[in-house]
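Q: Residue numbers (our numbering), protein chains in the order written: chain A, 1 to 238; chain B, 239 to 323; chain C, 324 to 556.
By construction, these hints were calculated from the structure, which means they are not laboratory data. Keep in mind it's a predicted model, so treat the numbers as computed, not measured. Hints should not be assumed to be uniformly reliable.
Only part of the chain C face toward chain A is listed, based on derived beta-carbon distances under 7 Å [as the list claims (entries may be wrong)]:
| # | residue |
| --- | --- |
| 1 | Val486 |
| 2 | Ser488 |
| 3 | Arg491 |
| 4 | Leu492 |
| 5 | Pro498 |
| 6 | Met499 |
| 7 | Leu500 |
| 8 | Pro503 |
| 9 | Phe504 |
| 10 | Pro507 |
| 11 | Ile510 |
| 12 | Ile534 |
| 13 | Ala545 |
Here are the computed distance ranges between Cβ atoms for each label pair [stated by the list, open to error]:
| # | chain 1 | residue 1 | chain 2 | residue 2 | range |
| --- | --- | --- | --- | --- | --- |
| 14 | B | Val299 | C | Trp463 | 54 to 60 Å |
| 15 | B | Leu306 | C | Lys344 | 54 to 60 Å |
| 16 | A | Gly78 | C | Met495 | 24 to 30 Å |
| 17 | C | Met495 | A | Ser202 | 32 to 38 Å |
Glycine included, each C-beta is placed from N, C-alpha and C at the ideal position.
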Amino acid sequence: MTTASALDARATPVRRLPPVDWLLVLSALAVAGVVARATLYTPADAMLGAVQRLFYVHVPSAILGMYVACSVMAIAGGLYLWIKDDRLDRIAESAAEVGFVFLTVVLVTGSIWGKASWGTYWAWEPRLTSALFLWFLVLSYLVLRDAIENREARARLSAVLGVLALLLVPFIHMTVYLFRGLHPEPIVLKPEKPAMSPEMLSTFGFAMLAFGLLFFAMIRLRYQWATARDARAELEQA
Amino acid sequence: MRLALQQASVTVAVYQTQESAAPPALESQESGAVPPPQTSVPAPERTGPPDTVSSMKTGYVVALTIFLAYIVLLMRRVASVRKPS
Amino acid sequence: MSNLAFREPSFIADAIRIARKDLLIEFRSRSGFLSAVVFALLSLAIFRFSWDPTAVRSTLLAPGILWVIFTFAGLLGLNRSFNVEQVDRAMDALLASPVSREAVFAGKALGNFVFVMAVQLLALPTLALFFGLPVGPEWWGVLAVALLAGAGFVAVGTLFAAVASNTRLAEMLLPMLALPFFVPVLIPAAQATSSLLAGRPISEVLPELKILGAFDIVFMAACALAFPFTLEE
Chain A
1 MTTASALDAR ATPVRRLPPV DWLLVLSALA VAGVVARATL YTPADAMLGA VQRLFYVHVP
61 SAILGMYVAC SVMAIAGGLY LWIKDDRLDR IAESAAEVGF VFLTVVLVTG SIWGKASWGT
121 YWAWEPRLTS ALFLWFLVLS YLVLRDAIEN REARARLSAV LGVLALLLVP FIHMTVYLFR
181 GLHPEPIVLK PEKPAMSPEM LSTFGFAMLA FGLLFFAMIR LRYQWATARD ARAELEQA
Chain B
239 MRLALQQASV TVAVYQTQES AAPPALESQE SGAVPPPQTS VPAPERTGPP DTVSSMKTGY
299 VVALTIFLAY IVLLMRRVAS VRKPS
Chain C
324 MSNLAFREPS FIADAIRIAR KDLLIEFRSR SGFLSAVVFA LLSLAIFRFS WDPTAVRSTL
384 LAPGILWVIF TFAGLLGLNR SFNVEQVDRA MDALLASPVS REAVFAGKAL GNFVFVMAVQ
444 LLALPTLALF FGLPVGPEWW GVLAVALLAG AGFVAVGTLF AAVASNTRLA EMLLPMLALP
504 FFVPVLIPAA QATSSLLAGR PISEVLPELK ILGAFDIVFM AACALAFPFT LEE
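Okay, chain A solo, but in the shape it has when bound:
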């Protein structure tokens, strides 16, 4: 299976990289549309003001970066350890890197929103803390990959880290909630989910779609690049 995929990749590394990635262009247009809709047409929250509109980039990025990307990274890693297919490793690698970009966006937008709504860029609130640790975890996954030259060892060891990371996340959640239990926060930092108006809900739906498309397009391009890179490395070795 490994050799088959490698042969396949070797034969077509360039065909798999079209000059223009139309999916990426389409997703960029969708994101631009959603940003325009969110900032210009959707009513802002009465309490939080205009900054609440960051919701439409913050929350989709959080869902995609924290839940989707990390699950893909761990599951692809676990499957790699089982069937040892290079493609699974490239999926895990791509999901981790794109997930890292989305997680960074989550932290940065959350921070700016926090400054406007809570008066501080950072608070040791459970959800923020676990997001930060997840960010560190994905970062260490990427640094680990970078530190291993041998491709097989890189795939194997990073898969071990990916699977263990999935086990770690519930423990981090438990720990940070315990942490808050002893240090009560005076402010309910995350505003309760407001009853969203229909416009807000539909904008959120569009935002989810647009950023989901961007996420998928980025992973796809990253995966295609990894395939071409590995195929080329193999050719250079041969």
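Dock chains B and C against the given chain A, drawing on the hints supplied.
A: Relative to the frame of chain A, chains B and C by itself:
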């Protein structure tokens, strides 16, 4: 004299907007919390009314810049792998 | 391995033998243990001097310092546990022997556990001495916390020491890989220590002890299962 008065009224206006605009967002969130502020985070100190439009713009600009920077990185990688060695 | 068990040494005996070998090397050379102990005691002294007794009570500050020092002194020991096997490719001989890989992991972890506990046993009285902490029966609770935390610490730490030893960066990489995994060990341990030193009964720190216990069980099993994947086929 008139200038001074104008300045004074501007100051008052600033204070008024500060009082009318800043606290509600906080109070509404604090309303459910009974315990005294015993936290490592300093109490929010506002120097002016919350200018959340600029925060929103900053947020979107920064987020889109991060995405764009990553796309540019991907493009550069694709270009380098396509180049004949 | 059940049908071979009567011919092969058992899992536990193998693990103990490997731990004994590692500790014997450690005892003969002493370099790793001594440097970890000196590091721990020196850090305690430095933290003591940077502390303003009028600003923060010692029972609030000491637990955090104790567990931070525990982590970094422990990392010193963890780094050594696989470096020792790289000299003359001793790891290959270990893997060629009729010892299961899980037993190799258990042995390495057991050796590391003894190492970090020995450092901790010296650090605890020093902490009490330097920070003027009350000495009483609550220290048995602290010791129980240390045992639970130490078990989870070495399970994860041994696995990542094996991972890191396969990379270019090795010693540099281990803290970065392992520290996120130490979060659910260190935060409950520090909080439990803090409560116990404040004279609270052990029943009040049950939530922390439960997290530590659950972490130990999950990660001892997961890391033992994952360990064979960190070795070259």
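Q: Would you mind marking each hint as holding or not holding in the structure?
A: Now for the hints, and whether the structure bears them out:
The interface hint given for Val486 of chain C is met, as the beta carbon of that residue sits about 5 Å from the closest beta carbon of chain A, less than 7 Å. A least Cβ separation of about 10 Å between Ser488 of chain C and chain A goes past the 7 Å threshold, and the interface hint is therefore violated. Hint status for Arg491 of chain C relative to chain A: holds, with the closest Cβ pair at about 5 Å, below 7 Å. With its C-beta approaching chain A no nearer than about 5 Å, Leu492 of chain C sits inside the 7 Å limit, and its interface hint holds.
Against a cut-off of 7 Å between C-beta atoms, the interface hint on Pro498 of chain C is violated, since the closest Cβ of chain A lies about 10 Å away. Restraint check, Met499 of chain C versus chain A: the minimum CB separation of about 5 Å is within 7 Å; hint holds. Checking Leu500 of chain C against chain A by beta carbon gives a least distance of about 5 Å; that is within 7 Å, so the hint holds. With a least beta-carbon distance of about 5 Å to chain A, the hint placing Pro503 of chain C at the interface is held under the 7 Å criterion.
Hint on Phe504 of chain C holds. Least Cβ distance to chain A is approximately 6 Å, under the 7 Å limit. With a least beta-carbon distance of about 4 Å to chain A, the hint placing Pro507 of chain C at the interface is held under the 7 Å criterion. Interface restraint check for Ile510 of chain C: the shortest CB-CB distance to chain A comes to about 5 Å, inside 7 Å, so the restraint holds. For Ile534 of chain C, the interface hint holds, since its Cβ comes within 7 Å of a Cβ in chain A; the closest pair sits about 6 Å apart.
Taken as an interface hint, Ala545 of chain C checks out: its beta carbon lies about 6 Å from the nearest beta carbon of chain A, inside 7 Å. For Val299 of chain B and Trp463 of chain C, the hinted distance range of 54 to 60 Å is satisfied, since their beta carbons lie about 57 Å from each other. At about 55 Å, the beta-carbon gap between Leu306 of chain B and Lys344 of chain C stays in the expected band of 54 to 60 Å. A beta carbon spacing of about 27 Å between Gly78 of chain A and Met495 of chain C agrees with the range 24 to 30 Å that was offered as a hint.
Taking 32 to 38 Å as the suggested C-beta distance range, the pair Met495 of chain C and Ser202 of chain A does not conform, at roughly 49 Å.
Of the numbered hints listed earlier, those contradicted by the structure are 2, 5 and 17.
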